[in-house]
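Asker: Build the full structure now, drawing on both the sequences and the hints.
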Amino acid sequence: MSITVDVEFSGGLELIMKDKVRQATVSLPATADGKPTTVRQVILYVRDNLVADKPQLFSTENTVRPGVLVMINDSDWEVEGENDYQVQDKDKVLFISTMHGG
Amino acid sequence: MCDSVDQSEHPAPRQARSQRVPGMCIKCKTAKPNVSIRLSLYCKPCFVKAEIFKFRTALNKSRQKANQHGTKLMAAVSGGPTSMAMLKLILDFHNVGRQGKTASTAFASVTVGHVDESALFPGCEDGVQRILQAEDVEVVTARLEDVFDSEEGLELVEKTVTPGAVRDKFVAQIVRQNPGVSPRERLKQLFSGLSTATNREDMLDSIKTFLIKKLAQSCGCRTLLLGDSGTRMATKVVTYTSRGRGYSLPFEVLAESQWGDIAVLRPMREWIAKEVAFFNRWTAQPSAVVPTFTTGAPAKASIDRLTESFIVALDRDFPSTVATICRTVTKLQPQDDAADAVHCLVCGMPAEAGAQTWRNRLTVSDVSSTESEGPVAAGAKPEPEPETKLAAGGIDITQRLCYSCQNLLHDAKPGTVLPEFSTHRYQTSDAADLRKQIEEFLI
Chain A
0 MSITVDVEFS GGLELIMKDK VRQATVSLPA TADGKPTTVR QVILYVRDNL VADKPQLFST
60 ENTVRPGVLV MINDSDWEVE GENDYQVQDK DKVLFISTMH GG
Chain B
0 MCDSVDQSEH PAPRQARSQR VPGMCIKCKT AKPNVSIRLS LYCKPCFVKA EIFKFRTALN
60 KSRQKANQHG TKLMAAVSGG PTSMAMLKLI LDFHNVGRQG KTASTAFASV TVGHVDESAL
120 FPGCEDGVQR ILQAEDVEVV TARLEDVFDS EEGLELVEKT VTPGAVRDKF VAQIVRQNPG
180 VSPRERLKQL FSGLSTATNR EDMLDSIKTF LIKKLAQSCG CRTLLLGDSG TRMATKVVTY
240 TSRGRGYSLP FEVLAESQWG DIAVLRPMRE WIAKEVAFFN RWTAQPSAVV PTFTTGAPAK
300 ASIDRLTESF IVALDRDFPS TVATICRTVT KLQPQDDAAD AVHCLVCGMP AEAGAQTWRN
360 RLTVSDVSST ESEGPVAAGA KPEPEPETKL AAGGIDITQR LCYSCQNLLH DAKPGTVLPE
420 FSTHRYQTSD AADLRKQIEE FLI
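If you're matching them up, the sequences are chains A and B in order. Each residue of the first sequence is one higher than the one before, starting from 0 at the first, in numbering that gives the first Met the number 0. Each residue of the second sequence is one higher than the one before, starting from 0 at the first, in numbering that gives the first Met the number 0.
Calculated from the structure, these hints are not laboratory results. The beta carbon of each residue, even a glycine, is placed where N, CA and C say it ideally should be. Fair warning: there could be bad hints in the mix.
[Unchecked claim] With a straight-line cut-off of 25 Å between C-alpha atoms, the simulated DSS-like cross-links for lysine-lysine are:
#, chain 1, residue 1, chain 2, residue 2
1, A, K19, A, K53
2, B, K53, B, K26
3, B, K48, A, K89
4, A, K89, B, K43
5, B, K43, A, K91
6, B, K26, B, K87
7, B, K60, B, K31
8, A, K91, B, K31
9, B, K48, B, K60
10, B, K412, B, K207
11, B, K87, B, K71
12, B, K71, A, K53
13, B, K330, B, K53
14, B, K187, B, K71
15, B, K43, B, K71
[To be verified] Selected chain A positions facing chain B (Cβ under 7 Å, derived; list incomplete):
#, residue
16, G11
17, G66
18, L68
19, V78
Answerer: The following block contains the structure:
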């Protein structure tokens with residue numbers, strides 16, 4: 000079984016994506032290693048599949064780099080459990096860069 | 000530490016605070032939170048309300064409050080997230096009285112001052128203009144290359160960077176610009192003559208500061224709002240300190256400062272970048288991506304970029320980092336002599352006298368010069384070189400540069416032509432000097 004997640008990039012992150020996409024729909028397995036898929040897997044998927052070059056501008060240490068904000072369904076991911084939030088089908092994940100020089 | 004920040008920002012009776020409902024919005028205590036700011040949880044409507052309130056408090060705290068009606072205001076807008084949030088907030092505040100009985104606005108007028116940077120960053124301007132045109136406000140624009148409109152320029156002809164105070168000097172001459180070269184080309188030449196990204200950022204800051212001040216003056220605006228967020232301010236404080244701008248720091252980072260006859264306010268300085276991003280998202284405020292010299296570059300590309308990475312990374316683990324730096328900075332005061340100090344030819348900020356002596360004490364020079372001149376130089380104020388030693392038309396500008404801009408020009412190529420404001424500042428300060436000299440003879 001797989002789930003689909005809408006991802007969106009803003010604040011300049013769209014410029015480092017392939018074809019400078021602002022929005023994309025990604026398909027992920029509902030479980031990974033027997034555990035439900037978390038937003039960390041979404042981040043890693045984006046880093047490996049959507050970022051054109053310089054992945055370090057998007058992600059470091061298997062999560063988003065400092066200065067990149069994440070919103071899950073229009074809420075701060077910090078209130079949703081950050082990396083360990085279990086993504087549901089049709090969830091919307093937004094990445095916003097706040098870096099001036101990033 | 001974080002609690003103390005919260006307390007002062009959202010003053011509430013002790014009782015009310017103790018009634019915090021775990022896992023609920025800190026304000027309404029009934030809704031599920033949508034955002035965490037410095038470990039405090041807010042729901043969406045409460046967050047937007049709290050941010051508007053915070054902006055208005057910051058604005059009202061300023062001394063302009065007394066003569067708010069009748070103040071012509073300029074908002075410096077780059078098109079980036081913070082300045083666009085500021086524009087939205089100031090326009091809302093300005094127009095809030097329009098529906099009332101008196102139907103008056105908060106200020107005499109609000110004008111947007113924008114600096115077009117497309118000469119250095121091609122392609123970035125279209126997006127900004129589109130966003131600005133959608134706003135119901137008058138926009139005045141200056142282009143970066145406007146600083147090369149004049150026929151005359153101050154050309155750096157010689158720089159002697161010998162360790163040892165008395166010999167270190169910068170010589171410039173006033174040259175007529177080749178009319179065949181466009182201002183845009185001259186601007187590009189200036190930036191390609193500056194060797195490092197840090198220096199280019201430094202020069203860009205100086206030019207933008209000059210242009211925005213000039214825009215405000217030409218529109219008759221005595222109050223200028225700058226959209227620096229707290230995150231940006233914290234970065235600036237550390238960057239400027241490491242560039243050697245400590246002396247003029249109070250003029251560049253405080254919530255209020257005076258640039259000549261213009262009052263400069265920074266009402267966004269209590270907002271961290273995250274608050275700006277969420278506010279813009281939830282109020283559907285569009286903004287543009289404003290590139291810098293180091294956009295997309297590694298962290299070590301410039302001091303500014305490195306500081307930003309440092310502050311942002313620290314702030315993730317210690318969410319009160321930015322607030323702590325910003326609050327510490329409010330205690331800064333300009334030195335007493337800064338009011339009468341010479342204004343630097345490049346950045347226009349007050350320059351501390353004796354920057355040379357200062358440098359000599361800090362830097363390691365070669366052994367012989369340290370032994371022979373070091374102790375003397377450390378105690379005595381460096382004497383300017385006799386004028387006769389200069390080439391025809393040469394001007395010793397060393398005493399007219401601040402410590403940081405001396406650093407900037409150390410790395411500049413000879414032949415670099417400085418923007419016209421340097422010539423202008425040189426000429427006006429020369430006239431002022433002359434006036435000082437003959438003042439006592441005037442009746």
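Asker: Next, verify each hint and record whether it holds.
Answerer: Against the structure, the hints:
no., hint, result
1, A:K19 x A:K53, "holds (13 Å)"
2, B:K53 x B:K26, "holds (14 Å)"
3, B:K48 x A:K89, "violated (30 Å)"
4, A:K89 x B:K43, "holds (21 Å)"
5, B:K43 x A:K91, "holds (17 Å)"
6, B:K26 x B:K87, "holds (23 Å)"
7, B:K60 x B:K31, "violated (32 Å)"
8, A:K91 x B:K31, "holds (18 Å)"
9, B:K48 x B:K60, "holds (18 Å)"
10, B:K412 x B:K207, "holds (22 Å)"
11, B:K87 x B:K71, "holds (17 Å)"
12, B:K71 x A:K53, "violated (45 Å)"
13, B:K330 x B:K53, "holds (20 Å)"
14, B:K187 x B:K71, "violated (34 Å)"
15, B:K43 x B:K71, "violated (33 Å)"
16, G11, "holds (4 Å)"
17, G66, "holds (4 Å)"
18, L68, "holds (5 Å)"
19, V78, "holds (5 Å)"
Comparing the model with each numbered hint stated earlier shows that hints 3, 7, 12, 14 and 15 do not hold.
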